[in-house]
Amino acid sequence: MRRETKRRSIFTRRALLVGAAQTVAFGAMGANLYRLQVREHGRFATLAKQNSINDRLIAPERGLITDRYGVVLAGNRQHWRALFMMTQAHDPQAVIDRFAALMALSPAERARIARDLAGKPRYVPILLKDDLDWSDMARIEVRAVDLPGVFVDVGASRTYPLGPQASHVIGFVGRPTQAQAQRDPMLALPGMRVGRTGIEGAHDHALRGTPGIVQTEVNVHGSVVREIDRDNGKPGAVVQTALDTGLQTLAATRLAGQAGAAIVIDAVAGEVLAMASTPGFDPGLFDTGVPAATWANWMHDPRRPLTNRAANGLYAPGSTFKPCVAIAALHSGAITAHTKFTCPGYLKLGDHTFYCWQHSGHGTINVVTAIQQSCDVFFYHTALAVGIDRIAAMGRRLGLVGPLDIGMPGASTGFLPTHQWARRRKLVWTKGNTVIQGIGQGFTQVTPLGLATMVARISTGRAVQPRLTRAIGTVHQADGLDYGWPSLGLQDRHLETVREGMTEVVNTPLGTGYASRLTLPGVRMAGKTGTAQVHDLSQAQEKANYNDANLPWKYLPNAFFIAFAPVTAPRYAVSVVVEHGNEGAAASAPIARDLITLALTSTAQRPAAKPGFVAGSQTVAMETAS
Amino acid sequence: MSGFVEYRPYYARSFGLVRKLLRINWLFVLACCALAGIGYAALYSAAGGHGEPYATPQLIRFSASLIMMIAIALVDIRLIAKLAWPAYALGLVLLVVVWRFGHVGLGAKRWIDVGGLHVQPSELMKLFLALALAAWFQRANYERVGQIPFLIPPIMAILVPAALILKEPNLGTAVITMSIGGTILLGAGVRWWKFAIVIAVVAVAAPFIYHHLHGYQKQRILTFLHPGRDPLGAGYNIIQSKIALGSGGFWGQGFLHGTQNQLNFLPEKQTDFVFTIIAEEFGFADSMVLITVLFSMIAMGFYTALRCQHMFGRLAALGISTNLFLYCFVNLAMVMGLIPVGGVPLPLVSYGGSALTAVMLGFGVLMSIHVHRDVEFGVSEE
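Chains as they are written, first to last, in our numbering: chain A, 1 to 626; chain B, 627 to 1008.
These are computed hints drawn from the structure, not numbers from a lab. Heads up, some of the hints might be wrong.
[To be verified] Take a look, some chain A residues computed to stay more than 12 Å from chain B by CB distance:
1) Val18
2) Gly27
3) Arg98
4) Asp130
5) Arg303
6) Gly410
[Unchecked claim] Subject to a maximum C-alpha distance of 25 Å in a straight line, what follows is the list of computed DSS-like cross-link-like pairs (lysine-lysine):
7) Lys844/B to Lys868/B
8) Lys6/A to Lys820/B
9) Lys793/B to Lys844/B
10) Lys868/B to Lys49/A
11) Lys348/A to Lys234/A
12) Lys646/B to Lys708/B
The beta carbon of each residue, even a glycine, is placed where N, CA and C say it ideally should be.
Here chain A stands alone, though its shape is the one from the complex (with noise of 0.2 Å):
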């Protein structure tokens, strides 16, 4: 019994002893939750928050690009995507090779998923997949637990209604490159696009709007739970155009089939009612991607349809640019509107003999017959008395060279000779050169829109500034119709008297525009053709009045025309370019005729200039509507 008692004394002893030490963990365990629970709540609470709320930017949708009466020159079309949100997975790759193994995905397009991965912010998601059908979002939404981070969202990618006809003029928009999205995230996200050229280009900060933000609550999986608050951004704002979607459309179509330019502006109020550039692309394709074999198609085609050649193509003008000669050679006094010059069918200057276009020549002509029948010797004649530098300051006055504000980046700026240039080149100029700068050969180089500009200056006689943007967002953009433009300092009679052969060429019978005149009734146009040489021809080919159309192609001569209408109270003014079309008179001229025709017969929508601004505005109105 002693023995009994002892064991059960060892027991107790140890037992409380075991005990204790419970007890002592036990505390332990309370003093540490304590710790946990309520001493560093804080900063867990922070931790739990941030494990489980998501914020994720979205991108803002672009602005839409409309004509001036809010037509939709550029939209926005909504489809399905998957994106893929790579802080939300333990393990992205693994979750990229699944997906991948889902839809099947290119190479290409896993380089691509690859780079984004390495290369964008954490936080910005990525896209894996865009335009997903209904089975595809299906397949994805079955797999969702093996997929964590990859959600279905919606997106948009620009469209554009007018497709190849106004490729140039609105421009397009490309993914932003790896160095900008780095530069600023919230082109890292995916779906925002960057304006590379033309309106979109131009405006590509308006246009972008700035970026919402989704907070959203989300499992470990990376699904989302639910949303918890939801800021859509500011969408882009919405460029107005001057274009007019029926001019525009027209000048496409007119000059389909053709390498060419058209240019309708509204002088008036300076505004670029139409722009048009052939042959055109489809713009869209640079949203989604542009095929190899679309790319070495436009890179091989020799009509190169990614240039805009409405303000980028650089042409000899031809007799084009005769008005300009004229305006110089009247305003300094070389000439005046009596001055005559005998027209030969050529001209001699030293060794060399300068033919007349006929070569049966003019006659003794005044500058308004030399405008008329587009008397090449008197021009080379005149030229010879006004000499380069002067018809070089003269283009620039009248808005032919030098930069254009028209709201689209990487307009050309033309080009005239003059004397200083020649210094400086280490060229020797010769009178020679000076006769064919009289015709709007050799050195000088216009671009269309430089063209439409002088014709919009010398039928106002204002520095009109033609511009493509009506209004940013709810912001108007000042035109001509608010403040009137400038005068360009020049003598009233001296314009009249070019604008007069300019009619004379279109409406009398001897005119080389003749049979392009307009049909409306009590309206006039007037115009000037032009036909511009881009090869040398041999003297033998010159005397033998070599026959153009027998030439190849590409070395037929350039064909012009420019004009503005109504004669009486000029409002628009265009210039059409068709590339080796010959002829300006058979190939340009109707074009630029049917565009007036329409700008004419379709103004109920626009506006009329203030009253006492062009004297006779109204009446076009009046004189139109019969």
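Please arrange chain B on chain A, whose structure you already have, making use of the hints.
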């Protein structure tokens, strides 16, 4: 001696069912029910506010095992003592079966199917070992306990199942099994210096043991040493678990409103990490209530051991209480990131039938000891 009627108090004789029922420690039973209630709430929340698939099945299992516990409480402790070694042998057989044919779950073979029921023999083994050791030392006097040959069978009885459990592999349960065995040896009166030797040997052998650990066990130990090492890898559980505890604060985020729980950031939240749900949604205040209930149950186990008149009951109660303590300690320390993560559930709270049954079986025996605390166990060695 014939004719002499030994005086036996009425309570030492076989006594009636009503008497037995009255001797059950109902406070302990109440504590069990309280735990199950807390567990129901936690599992209800783990399923996002639904009884299925965790809370309701678990409640049904608990009710069944509660009846089983009370039934066992009424079984004479001497019968249980007699069955201790056969049960131990059965446990060993089951462990061998698991080792050879068990189901693989979470990288370990722990389960076998018996008539459609998942059975985790390692859970049962801890109880059977405690009973077997208690039976072994029941008759031994103080001197016998001092003899080394007498200690070899019990030590083998500890090491063989421990090795089999380690082989599963289940490091946590193996360590718990050995700790229970060690505690019973301590209670039985094994001399202190012998423990000192064993501890010294283990300390020396530890590097070798580490070398032979399973990859994921090493990983757990390494992760324990540096939880931030790989926040999305093995340390993920610990970090998410600590965030859940910490974000609960004093009063909790509210029932069904714990973000860590409801958004599934908690790993195995309905089983091993069930405590994080309670801590996150009910806060420190109610976590302490839970811990207090658990502690009071352990204390009642010790009270039973100390009041018991026979060595079998004392040692078995000590083993069962220590088992409960180790469950709680390892589980809590695990969710707080204090020790390496191991597959140890929180008793009566975690989802899972096997552990619940094993724990309630143990409690049944504990209650039987309490009810039969002063029965005569025949003649002990003098």
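Structure versus earlier hints - violations, ascending order: As far as the earlier hints go, 1, 2 and 11 are violated by this structure, in ascending order.
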